[in-house]
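*Asks:* Position chain Y against the provided structure of chain X, taking the given hints into account.
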Amino acid sequence: MDRKLLIIGVVLTVAALYMAMGGSSEPVRVRVTTTTSLYATGLLDYLADKFKEKYPNVEIDFIAVGSGEALRRAERGDACMVFVHAPSLEKQYMEKGVITGHRIFAYNYFIIVGPPNDPANVKAAENAVDAFKRIYEAGEAGKAKFVSRGDNSGTHVKELSIWKLAGLDPRGKKWYLESGQGMSQTLVMASELGAYTLSDIGTYLKLKKDGKLPGIELLYSNSTELINIYSIYLVTSCTGEEREYAEKFAEFVYNNQNLIGSYGVDKYGQPLFYPAEGHEKELQEAWEMLAKS
Amino acid sequence: MTGNELAEIALRSLYVSGTATLLAALWSLPLAYVMATGRKLQAVAAVTEALVGVPTVLVGLLLYFLLSRQGPLGFLNLLYTPTAIIVGEAVLVTPLLVSVAYRVLRGAVETYGELALSLGASEAQAMALAVREAAPGLVAALVMGFSRAVGELGVALMIGGNIRGYTRTLTTAIALEVSKGEFENAVSLGAVLVAIMVVVSLGLRLVRRLGQP
Chain X
130 MDRKLLIIGV
140 VLTVAALYMA
150 MGGSSEPVRV
160 RVTTTTSLYA
170 TGLLDYLADK
180 FKEKYPNVEI
190 DFIAVGSGEA
200 LRRAERGDAC
210 MVFVHAPSLE
220 KQYMEKGVIT
230 GHRIFAYNYF
240 IIVGPPNDPA
250 NVKAAENAVD
260 AFKRIYEAGE
270 AGKAKFVSRG
280 DNSGTHVKEL
290 SIWKLAGLDP
300 RGKKWYLESG
310 QGMSQTLVMA
320 SELGAYTLSD
330 IGTYLKLKKD
340 GKLPGIELLY
350 SNSTELINIY
360 SIYLVTSCTG
370 EEREYAEKFA
380 EFVYNNQNLI
390 GSYGVDKYGQ
400 PLFYPAEGHE
410 KELQEAWEML
420 AKS
Chain Y
201 MTGNELAEIA
211 LRSLYVSGTA
221 TLLAALWSLP
231 LAYVMATGRK
241 LQAVAAVTEA
251 LVGVPTVLVG
261 LLLYFLLSRQ
271 GPLGFLNLLY
281 TPTAIIVGEA
291 VLVTPLLVSV
301 AYRVLRGAVE
311 TYGELALSLG
321 ASEAQAMALA
331 VREAAPGLVA
341 ALVMGFSRAV
351 GELGVALMIG
361 GNIRGYTRTL
371 TTAIALEVSK
381 GEFENAVSLG
391 AVLVAIMVVV
401 SLGLRLVRRL
411 GQP
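Heads up: the protein sequence lines correspond to chains X and Y, in order. Under our numbering, residues 130 to 422 are what the first sequence spells out, in order. Under our numbering, residues 201 to 413 are what the second sequence spells out, in order.
Isolated chain X (complex conformation):
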């Protein structure tokens, strides 16, 4: 009985492994690590589908993780391209020689969201740093909470840089909660708790529109200091056919930015991401500034 079972097992396993390894017409797979905000909105799958219409033998494999992990995996040689939004981290990895071919392809804004009654009076803030100071004071007074991503994502890196500019360190405070989760879960958590948080506008708009965020609303936005810049890089260690098509995909995304600008407009009333086209110079300058912080 067990011998029969074993034989069946062997046969099935060999067959399955053979199938898994694939036959002869394996497509070229381009491994891309990406920030969750770009992926979860569906934008990247949309771009990949459009790319596939031109190159049907190429599969773009998105591995959605935070910007920190995306770069770390690239460093280990486990990706051929990265899509990230954390200039200061990106600069470090560029200097290490892990990533090259920097291209800014999209941007949007970070926003501060919080409970509608706004106990910290963030609405009256002069700038993002001032807003964070107000949240800190209200937090210390026991009137407000703040949910942080706490996951080394682009948004988390941005949040920490604002605290640093404000000269404050909220870590370890009772009112400062680190969710350790993606932007959507962090927003839902903030909504449930009536807490403040920093978010990218794309994820916020999508969830707000879907009615998932009854407990929070947009309190502060600013187009210059809270700019959120998305960049593409190629990974130095990636070579061969994968590299060739990764370059083609980078080119494709860069040359078809109109697809980015129109994505989500029909559903959310405004784009979730803006194309970088036409603003290259300002974005590059803003990126340099952010990379220093």
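Take the hints with a grain of salt, since some may be wrong.
Said to hold, decoys possible - Pairwise CB distance ranges, derived in the manner of DEER restraints: (1) Y:L273 - X:D395: 41 to 49 angstroms; (2) X:N351 - Y:M201: 34 to 42 angstroms; (3) X:T368 - Y:E249: 40 to 48 angstroms; (4) X:E307 - Y:F275: 35 to 43 angstroms; (5) Y:G365 - X:L388: 19 to 27 angstroms; (6) X:L322 - Y:A391: 53 to 61 angstroms; (7) Y:E249 - X:G369: 39 to 47 angstroms; (8) Y:G365 - X:Y397: 24 to 32 angstroms; (9) X:L322 - Y:E310: 51 to 59 angstroms; (10) X:E307 - Y:G337: 55 to 63 angstroms; (11) Y:L261 - X:V157: 24 to 32 angstroms.
Because the hints were derived from the structure by calculation, they are not lab data. Every residue, glycine too, gets a C-beta built ideally from N, C-alpha and C.
*Replies:* Just chain Y, lined up with the frame of chain X:
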């Protein structure tokens, strides 16, 4: 999420976890047999039992280091493939398969095997009888292994990468839908996952009942 996509993900989950369980059975069942009939390897049982509860994400991370380009097995180019998940889940369910199969076989050897020996059966006849008596328990062990594999997230996410149309399984799809805030989709996927587990378990029970004289 379309029905086609859901079906495709569910089929992939079935295929990946089923293959992983069978692969794990290849080495787990013989090992359990050797442990149950010999006297020397019984300490291994304590180790495998301790390993049953290892968090799947830890197994996933260790396998990631192995399969990563910089890892010792990086040259195989397995990372981010369904094969990687199959191997990973096979490793993951091995302690469970070995411990359960060992207990079942040990019990059968003690009750039936030794009885047969005392009644004058040859060693081989006695062991064959013990294995036959243990068969339903071994099948139950396989079902448990399959359930653990199909329901785990850590390995599939860490070394599969949750790639649409390639390595996305039910659990990684649930994780993605939750991270998108699409809780309703996540619940539907979860319902499919539970349904698969129930059907597999009921199906095997039925087969076993029909198999009985």
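*Asks:* Determine whether the Cβ-Cβ distance between Y:G365 and X:L388 falls within the hinted range of 19 to 27 angstroms.
*Replies:* Roughly 20 angstroms apart at Cβ, these two residues keep to the hinted range, so it holds.
*Asks:* Cβ-Cβ distance between Y:E249 and X:G369: within 39 to 47 angstroms?
*Replies:* holds (46 angstroms)
*Asks:* Given the hint of 35 to 43 angstroms, check if X:E307 and Y:F275 actually sit that far apart at their C-beta atoms.
*Replies:* holds (38 angstroms)
*Asks:* Are X:L322 and Y:A391 spaced within 53 to 61 angstroms by their CB atoms?
*Replies:* violated (28 angstroms)
*Asks:* A range of 40 to 48 angstroms was offered for this pair. Does it hold for the Cβ distance of X:T368 and Y:E249?
*Replies:* holds (46 angstroms)
*Asks:* Taking 55 to 63 angstroms as the stated bounds, is the beta-carbon spacing between X:E307 and Y:G337 within them?
*Replies:* At roughly 46 angstroms between Cβ atoms, Y:G337 and X:E307 fall outside 55 to 63 angstroms, so the hint is violated.
*Asks:* Please test the hint of 34 to 42 angstroms on the beta carbon pair from X:N351 and Y:M201.
*Replies:* holds (36 angstroms)
*Asks:* Within 51 to 59 angstroms or not, the Cβ separation of X:L322 and Y:E310?
*Replies:* Hint holds: Cβ distance 57 angstroms, inside 51 to 59 angstroms.
*Asks:* So does Y:G365 sit 24 to 32 angstroms from X:Y397, Cβ to Cβ?
*Replies:* Given range 24 to 32 angstroms: holds, Cβ gap about 25 angstroms.
*Asks:* Using the C-beta atoms of Y:L273 and X:D395, is the stated range 41 to 49 angstroms upheld?
*Replies:* holds (46 angstroms)
*Asks:* Could you see if the CB distance from Y:L261 to X:V157 stays within 24 to 32 angstroms?
*Replies:* holds (28 angstroms)
Hints 6 and 10, counting from the list given before, are not met by this structure.
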